[in-house]
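Student: What follows is each chain in one-letter form.
Number of protein chains: 2
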Amino acid sequence: MPEFLKLLPPERALTRLLGHFSVRPEPEEVDTAFALGRVTTGPVFAPHPLPSFSRSTVDGFAVRAADTYGASESLPAYLKLSGEIPMGAAPGFSIERAHCALIHTGGMLPDGADGVAMVEHTQTTGEGEVELLRAVAVGENILKEGEDVQTGQEVIAAGTRLRPAEIGGLMALGITRIPVARKPRVGVLSSGDEVVPPGTNLAPGQVRDVNAYTLSALVESGGGVPRRYGILPDQAQPMHSAAERALSESDLVVITAGSSASARDLTAQVINQLGPPGVLVHGVDVRPGKPTILAVCNGKPVIGLPGNPVSALVIAWLFVTPVLEALQGLRRGLPRPAVAARLTVNLPSQAGREDWVAVRLLPDAEGFLAEPVFGKSNLIFTLARADGLVRIPPDATGLAAGELVDVVFL
Amino acid sequence: MPEFLKLLPPERALTRLLGHFSVRPEPEEVDTAFALGRVTTGPVFAPHPLPSFSRSTVDGFAVRAADTYGASESLPAYLKLSGEIPMGAAPGFSIERAHCALIHTGGMLPDGADGVAMVEHTQTTGEGEVELLRAVAVGENILKEGEDVQTGQEVIAAGTRLRPAEIGGLMALGITRIPVARKPRVGVLSSGDEVVPPGTNLAPGQVRDVNAYTLSALVESGGGVPRRYGILPDQAQPMHSAAERALSESDLVVITAGSSASARDLTAQVINQLGPPGVLVHGVDVRPGKPTILAVCNGKPVIGLPGNPVSALVIAWLFVTPVLEALQGLRRGLPRPAVAARLTVNLPSQAGREDWVAVRLLPDAEGFLAEPVFGKSNLIFTLARADGLVRIPPDATGLAAGELVDVVFL
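Chains A and Z, in that order, are what the protein sequence lines are. Whatever position you read off the first sequence (first residue = 1), add 4 for the working numbering. Whatever position you read off the second sequence (first residue = 1), add 4 for the working numbering.
What the hints contain is simulated information worked out from the structure, not anything from laboratory work. Among the hints, a few may not be true.
Selected chain A positions facing chain Z (Cβ under 8 Å, derived; list incomplete) [unchecked claim]:
(1) LEU18
(2) LEU22
(3) PHE57
(4) THR61
(5) ALA94
(6) GLU151
(7) ALA162
(8) GLU170
(9) ASP197
(10) ASP213
(11) LEU222
(12) ALA265
(13) PRO313
(14) VAL343
Bear in mind the structure is a predicted one, so any value in this text is a computation, not a measurement. Ideal placement from N, C-alpha and C gives every residue a C-beta, glycine not left out.
With the hints as constraints, model all of the structure from the sequences given.
Tutor: So, in structure tokens, the structure goes:
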């Protein structure tokens, strides 16, 4: 089994894969209202300042700050009321010396005014007069024009995944259409003479296709569009034809091989025939998932996953998801968020190998416990019973019971 | 401002809201292949065992373990080869004493066999004979029928959000359709005389509607279906009509009020007229977001959000998202995953109040730094510039520079 002679650690294997293809994501323009999770293909510049006019941040009175200096409860300042600022319109008048205007939160500051007195610090005395019990500083309780964003400023970088906040920011600027990376098309191939579609009644010796569906779901949540190319027999010719078609129609091809050694070798052979440079990594120093194949054929990434459902899903999460991010041009990777928990048992591991262990989170008095869900990597419900995964790094020979670990969600 | 007299901490406010409505999510059957992120409405039981037959986990030879006892490199056991087990079919023969059969990973164990010798520990000597260099234990290299799941076993609990692993597990069992909670319909109302639709060219004093879109995006990512009911003037009658219609057509109504005190009071008044019990919480001890309104009207939750975009989004994340989970019947809440980072500066806070501070993550030699993105709660790009939020708990008077904090992603 030549693949196991020189095993790369997962991070180096991924770096090698990502280094062998380059992508300039194809932009498509979509409604900003429907752009959640999409990745920008270019920077976004502000067409005008935000806010687009100076606004009050409180309910109160727009004043000239100089008119209020020295004002206190014992020695109030008295200002003449010039009127009320309407919401959603220009004031229509300016503030003369020793005058003020009623203004609401969000109202447009009138010319002449340079501060707002909070209504709580005022009293309306007689007709048309306001008593100020505190001085107002220049700029106080005001959001200045351009304080959030200036005209021409880059507000969203190229390669940003749009969250609700970015969608709101774009709407604030009137940008209702936005160019984003076309969703990567991912061709998913299953193989194995024993594998049948999920809707099939099982004959003895048959198992249903699991990997095509766990993978499709993972692709979907990573921003891609999965397309399944069916279940292929463990034979070179039909696998090659299907893989070739998938490669021509997709941005990424993922093949889940039969799990026998010969089926794995067949996958590598088929991938190598798809185009240069072919297989870059055959075998990764990780458990589960050692027999992983990483390849680039004619500029497109191709990934061969182990046949076992647990291995296939963990490996897809380690490799397919980052490749999808690269294909969308995602610029700024953030670390995986995790829940800190204490291990309930010792987890032994082989030095040099990275392990991912499925765990369930159990609340306890001080936080959470991480209880391993043991199960062979053939058992898909091992993962369904787990809340997340714990990494045992390659330089460790295991983790001790009671140790604080990071649980990442699947 | 009566709302600020008795402020509840966010957790208690949420508990009060969730305690005032009960939901039996309406099931709808969907294709399992498209059920990612949906929540099950009932438990799922296994219609048959998994695996449905005993299988080999390696490439090798199916044997009767008793025939191999004592075998070693110096004293091999010799077995007669009865044939090869086909993939995806029943063996068609059984293993007699002192016999064995070639079997591939995933192949069906023949009757009589109770273990599998790995091919690496064997040699095929003469015609029809296999030399075993190691003994095989009963059950070795076998995945037993039902080892993952037994017939009738509950494999997925009611109220489970389906991840790729559950979708795979369902497919393995041939369950290609699954009843899940209908997606909650969320009516979103904006109000404010100064607010105009995002596609509008701004006149002086106007601002574009941000909250309806940040909220819709958040609702979408929380598994709901947002429906926008337009931008309403700050007047009781039109707000009431729109809110009443939204309530009758939705499972949850969210109103983002104008930001002035009078607009907030108007929202509370309109909500109280929608049906009993009405407003349950008016004012939460949190920053940003103090003027939050939590209500239940005719058995349906209604949430009044502050008008400022940052406050509205943070509060929606704290309250709308958990309500959406409740409406879908999500049973088992997991803690929010986070990235641990060190604060770059001191963050003062008021004791008794919970604060959420927007931060940006910066990699450093030891991990990540959390650098606050300061900005008034009116500035939507404050959140767009941030990677996540840091919580300052109510019992703290702040957090110190260098302190390790949890950054949760927005």
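Student: Each hint should be assessed against the structure and marked as holding or not.
Tutor: Right, here's what the structure says about each hint:
A hinted interface residue such as A/LEU18 counts as satisfied when its beta carbon comes closer than 8 Å to some beta carbon of chain Z; here the least separation is about 18 Å, so the hint is violated. The restraint placing A/LEU22 at the interface with chain Z is violated, with a minimum CB-CB distance near 18 Å, outside the 8 Å limit. The closest approach between the C-beta of A/PHE57 and any C-beta of chain Z is roughly 6 Å, which is under the 8 Å cut-off, so the hint is satisfied. Hint status for A/THR61: holds, given a least beta-carbon distance of 6 Å to chain Z, under 8 Å.
Given hint, A/ALA94 at the interface with chain Z, holds; its Cβ is 4 Å from that chain's nearest Cβ, closer than 8 Å. Annotation: interface hint on A/GLU151 holds; nearest CB of chain Z at approximately 7 Å, less than 8 Å. Taking 8 Å as the C-beta contact cut-off toward chain Z, the hint placing A/ALA162 at the interface is violated, the least distance being around 14 Å. Hint status for A/GLU170 relative to chain Z: holds, with the closest Cβ pair at about 5 Å, below 8 Å.
A least Cβ separation of about 4 Å between A/ASP197 and chain Z falls short of the 8 Å threshold, and the interface hint therefore holds. Proximity of A/ASP213 to chain Z holds as hinted, the smallest CB-CB distance being about 7 Å (cut-off 8 Å). Of the supplied interface hints, the one on A/LEU222 holds, with its beta-carbon coming within about 5 Å of a beta-carbon of chain Z, less than 8 Å. The restraint placing A/ALA265 at the interface with chain Z holds, with a minimum CB-CB distance near 5 Å, inside the 8 Å limit.
Hint status for A/PRO313 relative to chain Z: holds, with the closest Cβ pair at about 6 Å, below 8 Å. Using the Cβ-Cβ criterion of 8 Å, the hint placing A/VAL343 at the interface with chain Z is satisfied: the shortest such distance is roughly 5 Å.
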